[in-house]
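Based on the sequences and whatever the hints tell you, model everything.
Chains as they are written, first to last, in our numbering: chain A, 186 to 704; chain B, 186 to 704; chain C, 58 to 503; chain D, 58 to 503.
These aren't lab readings, by the way, just hints derived from the structure by calculation.
The model shown is predicted, which means the values in this text are computed figures rather than measured ones.
Worth double-checking, as some hints may not be accurate.
As a list, the in silico DSS-like pairs of lysine-lysine whose alpha-carbon atoms are at most 25 Å apart [stated by the list, open to error]:
#1 B:K688 x C:K375
#2 D:K118 x C:K118
#3 A:K317 x A:K523
#4 C:K89 x B:K409
#5 D:K118 x A:K317
#6 D:K250 x A:K331
#7 C:K89 x B:K331
#8 C:K118 x B:K411
#9 D:K89 x A:K409
#10 B:K317 x B:K600
#11 B:K331 x C:K118
#12 B:K331 x B:K317
#13 D:K375 x A:K688
#14 D:K375 x A:K411
#15 D:K250 x D:K212
#16 C:K212 x C:K250
#17 C:K118 x B:K317
#18 D:K212 x A:K331
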Amino acid sequence: MTGWSQALSAHPGSAGGELQTFTGNRGLQLEEPLIFEQDSPGHCGVDLPEPPAHRCRLGGLERQGPIGLPGLSEPQVVRHFTRLSQKNYAIDSGLYPLGSCTMKHNPRLNEKLARLPGFADLHPLQPEATVKGALELIDTLAHWLKTLTGMPAVALSPAAGAHGELCGMMTIRAALTAQGDPRQRILVPESAHGTNPATAAICGYAIDPIAANARGRVDLAALKAKLGPDVAALMLTNPNTCGLFEDEILEIAAAVHAAGAFFYCDGANFNAIVGRVRPADLGIDALHLNLHKTFSTPHGGGGPGSGPVALAASLAPHAPLPWVVHGDAGLALVEQAKGPAAASIGRLKGFHGQMGMFVRALSYMMSHGADGLRQVAEDAVLNANYLRVRLAGALSQSYPGACMHEVLFDDRFLKDTGVTTLDFAKALIDEGFHPMTMYFPLVVHGALLIEPTETESKASLDQFADTVNALAARARAGDGERFHAAPLLTPRRRLDETAAARKPVLRWRPQAQRKEAAE
Amino acid sequence: MTGWSQALSAHPGSAGGELQTFTGNRGLQLEEPLIFEQDSPGHCGVDLPEPPAHRCRLGGLERQGPIGLPGLSEPQVVRHFTRLSQKNYAIDSGLYPLGSCTMKHNPRLNEKLARLPGFADLHPLQPEATVKGALELIDTLAHWLKTLTGMPAVALSPAAGAHGELCGMMTIRAALTAQGDPRQRILVPESAHGTNPATAAICGYAIDPIAANARGRVDLAALKAKLGPDVAALMLTNPNTCGLFEDEILEIAAAVHAAGAFFYCDGANFNAIVGRVRPADLGIDALHLNLHKTFSTPHGGGGPGSGPVALAASLAPHAPLPWVVHGDAGLALVEQAKGPAAASIGRLKGFHGQMGMFVRALSYMMSHGADGLRQVAEDAVLNANYLRVRLAGALSQSYPGACMHEVLFDDRFLKDTGVTTLDFAKALIDEGFHPMTMYFPLVVHGALLIEPTETESKASLDQFADTVNALAARARAGDGERFHAAPLLTPRRRLDETAAARKPVLRWRPQAQRKEAAE
Amino acid sequence: MRYLPLTPGDRRDMLAAIGVGSIDGLFTDVPKAAWRDGLVDLPLAQGELEVERALRRMAAKNVAAGSAPFFIGGGVYRHHVPAAVDHLIQRGEFLTSYTPYQPELAQGTLQSLFEFQTQVGLLTGMEVANASLYDGATACAEAVAMAHRITRRGKAVLSGGLHPHYREVCTTYAQFSGLEVGSLAATPGATEKFDIDDNTACVVVQNPDFFGELRDWSALATRCHAAGALLVVVVTEIVSLGAVKSPGEMGADIVAAEGQSLGNALNFGGPHVGLFACREQHVRQMPGRLVGQTTDAEGRRGWVLTLSTREQHIRREKATSNICTNAGLCALAFTIHTALLGEAGLTRLARLNHAAACILADRLAAVPGIDIVNQSFFNEFTVRLPKPAAPVVAALAEYGVLGGVPLSRLYPERDDLADLLLVAATETVTDDDMTQFAHALTEALR
Amino acid sequence: MRYLPLTPGDRRDMLAAIGVGSIDGLFTDVPKAAWRDGLVDLPLAQGELEVERALRRMAAKNVAAGSAPFFIGGGVYRHHVPAAVDHLIQRGEFLTSYTPYQPELAQGTLQSLFEFQTQVGLLTGMEVANASLYDGATACAEAVAMAHRITRRGKAVLSGGLHPHYREVCTTYAQFSGLEVGSLAATPGATEKFDIDDNTACVVVQNPDFFGELRDWSALATRCHAAGALLVVVVTEIVSLGAVKSPGEMGADIVAAEGQSLGNALNFGGPHVGLFACREQHVRQMPGRLVGQTTDAEGRRGWVLTLSTREQHIRREKATSNICTNAGLCALAFTIHTALLGEAGLTRLARLNHAAACILADRLAAVPGIDIVNQSFFNEFTVRLPKPAAPVVAALAEYGVLGGVPLSRLYPERDDLADLLLVAATETVTDDDMTQFAHALTEALR
Ligand SMILES: Cc1ncc(COP(=O)(O)O)c(C=O)c1O
Ligand SMILES: Cc1ncc(COP(=O)(O)O)c(C=O)c1O
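Below, the structure is given as structure tokens:
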């Protein structure tokens with residue numbers, strides 16, 4: 186337990202008030218040790234009956250020593266994780282303007298429906314006759330995604346955006362290979378998310394970066410110069426990670442296709458155009474969607490996600506397994522690379538994809554409908570632009586003019602203040618806001634990428650803008666100390682990431698073992 | 186919204202650190218205005234279809250003006266109540282040693298089962314044939330309660346403890362009336378909870394207080410002196426509100442019965458003896474149980490509760506409606522004061538009682554079983570006594586010796602420190618603990634009544650004891666300021682209850698109206 | 058046992074610290090005659106899996122309202138509750154906290170109750186509302202007792218249109234209080250004549266009345282006030298106030314209502330939430346808890362429980378009521394659902410309910426042998442069948458339709474009401490449900 | 058629309074503040090050719106009630122596992138998850154937060170992941186574990202790629218006892234990476250001969266293997282290490298480690314496992330949670346996120362994401378993997394369930410599962426014409442039927458029994474496996490379930 190040790194460690198004059206407490210708790214802000222430090226050996230938070238008599242069949246492979254797990258009762262476990270949760274910020278608690286992450290409201294209806302036994306308590310290997318409703322849900326979701334993207338096929342099994350990229354790039358490589366030459370290079374703008382080059386590399390391609398023009402878009406001339414018979418594809422994010430729509434995208438697509446290459450689009454920012462623009466109309470051959478962004482399936486502190494990939498007719502035959510197809514006996518599962526699926530790249534994941542996320546995303550889409558989804562894009566873009574103009578005076582926008590669903594600033598406004606983008610972000614934390622995305626994209630210095638999403642009210646945006654403007658003024662007024670010290674009011678103050686990486690402690694170890702490890 | 190106003194109102198040097206924020210938020214501690222202050226006229230957090238065409242039948246009774254409710258979207262409402270919840274302390278967050286309230290762990294299994302459509306989505310006026318399982322659950326719960334109390338009957342409809350008292354006292358008055366004389370007086374110890382005298386008064390009785398002896402129990406001699414032909418009943422709490430078992434209870438019961446009076450027992454403290462002592466064996470005629478205490482149905486910030494009353498054979502015929510009886514066609518509902526129920530006092534509440542609480546309580550009891558429930562009592566008493574000895578050195582115990590499930594201290598230990606019981610409690614808040622019950626029972630000065638319950642671990646008790654002892658030392662060391670100022674670290678500091686009562690503001694009013702009201 | 062953190066070792070150490078040899082040493086005050094060494098005669102502890110199996114088996118023996126075309130009301134109404142409501146009330150900080158006795162640790166509960174009191178005031182058209190009572194029926198009984206205290210008069214007159222359970226609870230509560238409670242006979246559709254004299258404390262009426270008829274009690278209010286009596290208006294379907302003139306607009310002095318329709322499930326009749334509102338001048342005679350606004354040591358707005366001198370824990374036998382625990386969490390559910398609906402949502406919800414009932418009335422009127430008794434109604438009305446309603450309802454259940462409440466269930470002694478059936482329709486009723494109902498009814502009447 | 062806070066008035070004011078006449082003014086970068094004025098051809102917005110009805114209708118067309126005697130495993134196992142788990146993971150602070158990029162606002166997520174990493178390390182007997190991957194199959198593919206990076210060798214050998222989906226995913230992932238993936242044929246019950254040469258990066262085996270057989274891979278580990286190759290051990294039923302020798306004890310270099318069994322529902326196959334553990338020396342070649350311990354500005358212990366130089370957002374094309382979003386919330390569910398079980402609970406749960414499987418095996422062995430293929434097993438085993446298994450399983454479903462996985466579904470090209478049925482039993486299986494299964498099987502084989 187904490188307690189005295191905590192009281193001793195905390196020293197007078199530390200932030201959060203002169204008052205030191207014995208427990209280390211501060212009112213409703215409660216300290217909580219690791220479960221391993223709360224071990225009551227032999228204790229258990231689950232009551233299980235004695236195993237009935239049976240002839241053991243473990244074939245001599247019984248586990249040797251103890252596992253080393255701590256014993257806790259249910260009340261202790263519930264309190265532990267309740268307290269931990271209270272150390273988190275979330276979209277349920279406030280604005281979460283993390284650029285490129287689309288932190289929007291997560292409707293609880295979707296949680297409720299995903300838990301219906303007919304969906305959650307369904308095994309992927311049950312006889313097909315017993316899962317007809319599941320196939321119907323998958324097929325319905327596919328229909329919505331195909332209609333929204335305008336593309337003829339969608340692969341649903343990818344588990345997240347990066348997995349979708351892998352799916353898309355593999356279908357591209359498969360298609361090129363089928364044509365006789367997989368080619369060597371993938372063109373990727375410097376502003377691209379790290380998953381793009383990483384994915385291309387897994388597919389055995391060399392990455393060739395393309396520069397941005399002064400307007401923060403792909404430099405068409407530079408692109409054309411790089412295109413050639415060895416270029417397999419362009420991986421472009423649109424709207425791009427600077428929050429800008431690639432206004433020359435049709436020319437880009439034409440150039441890419443003229444070079445015999447494919448046009449892959451990272452659709453992580455689809456929220457800006459959903460219901461208004463169909464990627465198919467932009468000449469895109471493959472595009473992944475993050476259901477956990479645009480379609481509000483909860484991020485859950487890091488996942489799970491779901492990254493369906495919309496595919497052009499030229500790539501569809503290579504889609505990963507399984508497929509849900511309309512057979513004469515209704516919907517059917519194709520699980521083998523035979524017949525219609527003979528050209529599939531194969532299986533990318535166990536079973537049939539992130540069903541739990543499919544239910545949530547479909548519930549979200551049906552709730553909005555064609556009208557609501559278009560409104561989502563419009564309000565997301567409206568909110569971002571409203572913040573853009575509210576912050577224009579105080580912050581330095583990287584690329585002038587209107588933005589899409591997110592707005593990019595750089596750290597010029599902090600010039601000579603001694604305050605960094607990081608400091609500025611940490612000061613926002615004290616004010617009760619989650620900071621914007623920092624230092625991404627890499628194409629501008631000290632980036633601050635702000636994405637409010639459509640589920641923020643005007644009042645919420647105004648309060649955020651007032652605060653950011655006030656902080657900027659304070660920074661320019663030379664109050665650097667306040668920023669370097671931030672955050673002062675959180676359960677933990679600024680954490681030492683360098684030390685963490687220098688001598689990694691990646692798990693708890695009992696005192697004894699820990700000593701050994703130290704030696 | 187808050188924001189600037191907040192920033193201005195907060196003045197430097199205030200508690201929780203010199204740092205003032207623009208928003209009034211402090212890291213994860215977020216300010217939140219009233220929903221009425223977040224009105225977007227015309228907005229709505231629920232999507233409903235247009236009503237179909239129909240011929241209106243409101244008979245000219247249409248509502249005249251607007252209701253005056255604010256319009257919010259779902260994200261705003263979810264965030265609002267999430268933020269409000271974060272300003273609460275709960276048993277899920279930590280020790281909640283509120284004496285006489287039995288704040289124990291609330292298992293989530295019970296929440297899950299109470300929400301099964303077969304229970305939650307059941308209408309009380311459905312045909313009996315469609316609710317057989319509900320009657321079975323009620324009958325099973327009754328069986329458990331009858332077995333635990335040793336009494337032949339139990340009335341389930343009371344909605345809480347005080348309602349159970351009303352039920353019990355009315356059956357007593359009905360029984361006496363049937364005997365020809367309802368009598369006039371009810372004897373109630375001074376240590377009794379306020380609901381006891383209040384209930385007796387509703388039944389048309391005069392309250393006659395009985396003093397406690399030096400050992401904190403009913404003074405048997407004083408009791409006998411007060412007993413007489415006009416005494417209808419004794420209302421005794423056992424274990425009593427000083428956390429003590431009435432060790433002369435058999436003599437008390439004998440004396441009461443000898444006087445032709447009934448023995449009502451307030452069973453709010455049943456947690457101390459459940460599974461170990463049966464009230465019937467103590468000579469009790471009627472006793473209410475608080476399912477929301479002993480049997481862990483959540484208090485929910487004030488309710489709902491459920492207060493079944495166990496009745497002796499002499500009182501059973503007067504039990505309130507409805508009854509669940511074993512008919513030849515299985516279980517049946519008796520809803521009218523006829524036949525077997527002809528002597529019933531009638532209906533105390535709409536429909537059949539707090540079904541939602543019944544499910545939770547039965548789930549709780551089945552989970553513990555006869556063995557677990559006995560262990561509950563033993564651990565509850567053990568935890569209280571452990572705290573008693575851990576705190577003996579620093580605090581002043583009101584009545585020496587062992588206690589039951591809760592231990593009573595008074596403010597002698599604060600003598601000459603200038604620190605009051607209230608101050609002491611508020612200082613505990615800064616330390617991350619909910620205070621004990623203050624100033625109850627009224628029989629000792631500046632009471633501090635501590636009930637840890639059985640669901641606290643030893644580590645949790647030790648941390649609490651260490652903290653209380655340290656605070657007591659600090660108080661005696663003359664650090665009164667720290668106590669008068671407390672709490673310093675909560676979302677709000679000490680609130681002015683006197684001002685609230687002097688000029689009550691019991692609801693929000695729009696500015697305009699508020700002015701009027703002021704005039 | 059999964060809920061008990063103490064280990065055998067802990068128990069040993071703690072007993073040692075206390076200085077007793079065994080746990081029995083802490084129960085020595087228990088008289089030998091009442092001492093039990095063995096366990097009570099009940100099953101032993103079971104795991105989650107086993108308990109869940111057992112209770113699911115019981116639940117499966119019931120016909121859940123949602124599993125059949127459903128038309129039952131009678132004071133409890135099946136509405137769709139948004140998923141966000143149940144999610145939010147299950148947050149531990151709300152669910153597992155006690156009455157907000159320490160305001161600095163309960164601003165969440167207090168502020169939401171302040172919002173609740175405001176919503177109830179706005180809906181009922183009254184000046185002040187309390188922080189909830191057990192349910193509508195007990196709220197009604199408390200209203201009668203309050204009128205008794207205020208007027209110091211000895212008689213209460215209950216309308217025959219008052220929900221029979223409310224009538225019964227008023228009678229039960231008052232039976233030993235020296236207050237005489239008179240009740241008019243139930244006469245669906247008819248208008249009532251109340252005699253009010255200088256010993257009349259209050260007249261208690263309901264709108265819509267138990268049979269669904271809408272009543273404007275404004276004139277009665279004037280009569281009551283002229284006679285120095287109070288008018289208590291009961292509302293069992295709170296959603297009706299989204300479309301119907303409020304009790305406050307009619308001149309009610311006290312409003313007692315059931316709030317279950319907003320935020321709360323049917324729950325087989327409980328827990329529900331009692332709403333209680335009155336004129337500001339009577340606030341100190343009000344039962345139940347009140348949350349009031351105040352400021353903290355730094356001048357910031359905050360909330361506390363207030364006017365507790367009315368309550369039993371201060372006033373003991375002189376308290377305005379004995380209530381302590383109320384319906385806090387149900388009140389929170391009410392507040393969240395109402396906040397989600399807002400002005401636009403609640404008024405539309407009310408219109409949807411009325412529309413559904415109107416359409417159902419037309420459908421049923423087309424069934425041979427059926428008459429609609431009501432001139433007016435909100436989402437519930439009474440129909441006269443050509444034969445006793447109870448067996449018909451049983452037959453409907455056989456057809457898989459939960460088709461309303463036969464009045465004979467609530468008025469078994471009134472043969473003249475035996476053919477009457479009380480039918481409700483809310484936004485949850487589909488067109489197909491109505492078709493099935495009408496069809497099943499036609500069959501059942503064959 | 059209920060999820061959109063902006064009102065028409067807000068939109069007007071904001072457009073004015075921005076200085077554009079209409080929302081279209083903010084989409085001017087969209088090429089005219091791609092511009093759409095109308096709505097896409099999809100249904101319009103619907104309320105909760107309507108959406109819930111539609112999805113419930115779909116759900117009702119499925120046979121939920123819990124509604125029938127259930128014996129399906131094959132890499133996904135039906136266990137009882139305590140109610141507290143689902144309650145806790147639904148708390149908004151966990152459910153609706155992003156990857157913990159701002160540690161001062163995410164200590165809750167970070168500490169629970171640190172606990173997760175520790176639990177996975179303890180269970181698998183390995184030194185370090187990451188903060189989760191998508192699922193067991195992708196974790197296996199990442200393990201092969203990691204071995205490729207570490208050894209710089211060109212070949213991976215997959216056991217025939219590896220889950221076929223895992224095999225397929227490894228093949229898919231590796232197909233363009235220059236790594237040759239060879240797989241042995243599936244031969245239930247038989248022991249395999251792996252040839253390992255100096256170009257072998259790793260051997261991938263599973264325990265229990267796909268057919269349920271328990272395997273001690275210690276000797277193979279020694280051979281691998283002697284040859285400079287790595288041993289990758291896959292575990293698809295993590296509960297088995299409560300009773301069975303851990304991969305670490307066998308000398309595994311990398312462990313790839315599926316964590317669904319703890320804390321997570323079947324979910325028709327996803328989301329699940331991939332577990333990934335290895336020896337400390339290889340930590341810098343690990344894929345996925347890692348949480349590390351550190352201190353804050355006041356010297357207090359805290360947690361952060363660390364060693365991110367391995368990851369794509371820093372290293373781009375040189376990253377150890379492209380993974381970004383992982384299975385955070387499923388990992389949390391795993392951590393909570395494992396915390397509830399603890400040492401005593403998990404070991405007993407494992408024994409319960411084994412007991413259930415042993416008893417089922419005896420019951421099935423008694424069914425005429427059935428042979429148990431396994432010598433040993435944990436909670437799943439393979440039986441040989443006297444006829445093709447697929448139609449039998451279909452027939453069992455008709456009898457209302459979900460009776461296992463016919464191997465032909467996963468090995469359609471292998472006629473020699475057509476009569477084999479993979480059967481699992483967990484703590485959720487009752488004696489009555491087994492009786493029904495045995496009876497239905499007897500019938501189906503008639
Ligand atoms: C632009 C972009 N591309 C790709 C990704 C990766 O998506 P995921 O995290 O779902 O794998 C992200 C997510 O942060 C992103 O913002
Ligand atoms: C001793 C005692 N009696 C009666 C009551 C009243 O019970 P309830 O709040 O359930 O009405 C309480 C609750 O605080 C109590 O502690």
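For each hint, the structure was consulted:
Restraint check for B:K688 and C:K375: the C-alpha separation of about 23 Å stays at or below 25 Å, so the hint holds. Of the supplied pair hints, the one linking D:K118 and C:K118 holds, its CA atoms being roughly 22 Å apart against a limit of 25 Å. For a cut-off of 25 Å, the pair hint linking A:K317 to A:K523 stands: about 22 Å separates their Cα positions. In summary, the hint linking C:K89 to B:K409 is supported, as the alpha carbons are separated by about 22 Å, within the 25 Å threshold.
Taking the CA atoms of D:K118 and A:K317, the gap is about 6 Å. The hint holds against a cut of 25 Å. A threshold of 25 Å between alpha carbons decides the hint, and for D:K250 with A:K331 the separation of about 47 Å lies outside it, so the pair is violated. Restraint check for C:K89 and B:K331: the C-alpha separation of about 21 Å stays at or below 25 Å, so the hint holds. Distance check on the hinted pair: C:K118 and B:K411 sit about 53 Å apart at the alpha-carbon level, beyond 25 Å; violated.
Taken as a hint, the D:K89 and A:K409 pair is honoured in the structure, with Cα atoms around 22 Å apart against an allowance of 25 Å. Of the supplied pair hints, the one linking B:K317 and B:K600 is violated, its CA atoms being roughly 61 Å apart against a limit of 25 Å. For the suggested pair B:K331 and C:K118, the alpha carbons sit about 24 Å apart, so the restraint of at most 25 Å is met. Distance check on the hinted pair: B:K331 and B:K317 sit about 21 Å apart at the alpha-carbon level, within 25 Å; holds.
With a CA separation close to 22 Å, the supplied pair D:K375 and A:K688 stays within the 25 Å bound. Proximity of D:K375 to A:K411 is assessed by CA-CA distance (about 22 Å); at most 25 Å being required, the pair is judged to hold. At roughly 16 Å between alpha-carbon atoms, D:K250 and D:K212 fall within 25 Å of each other, so this suggested pair holds. Distance restraint check for C:K212 and C:K250: the Cα-Cα separation of roughly 16 Å lies within the 25 Å cut-off, and the hinted pair is therefore satisfied.
The hinted pair formed by C:K118 and B:K317 meets the criterion: a straight-line CA distance of about 6 Å does not exceed 25 Å. Restraint check: the Cα-Cα separation between D:K212 and A:K331 comes to about 39 Å, which exceeds 25 Å; the hinted pair is violated.
Checked against the numbered hints listed earlier, the structure breaks hints 6, 8, 10, 18; every other hint is satisfied.
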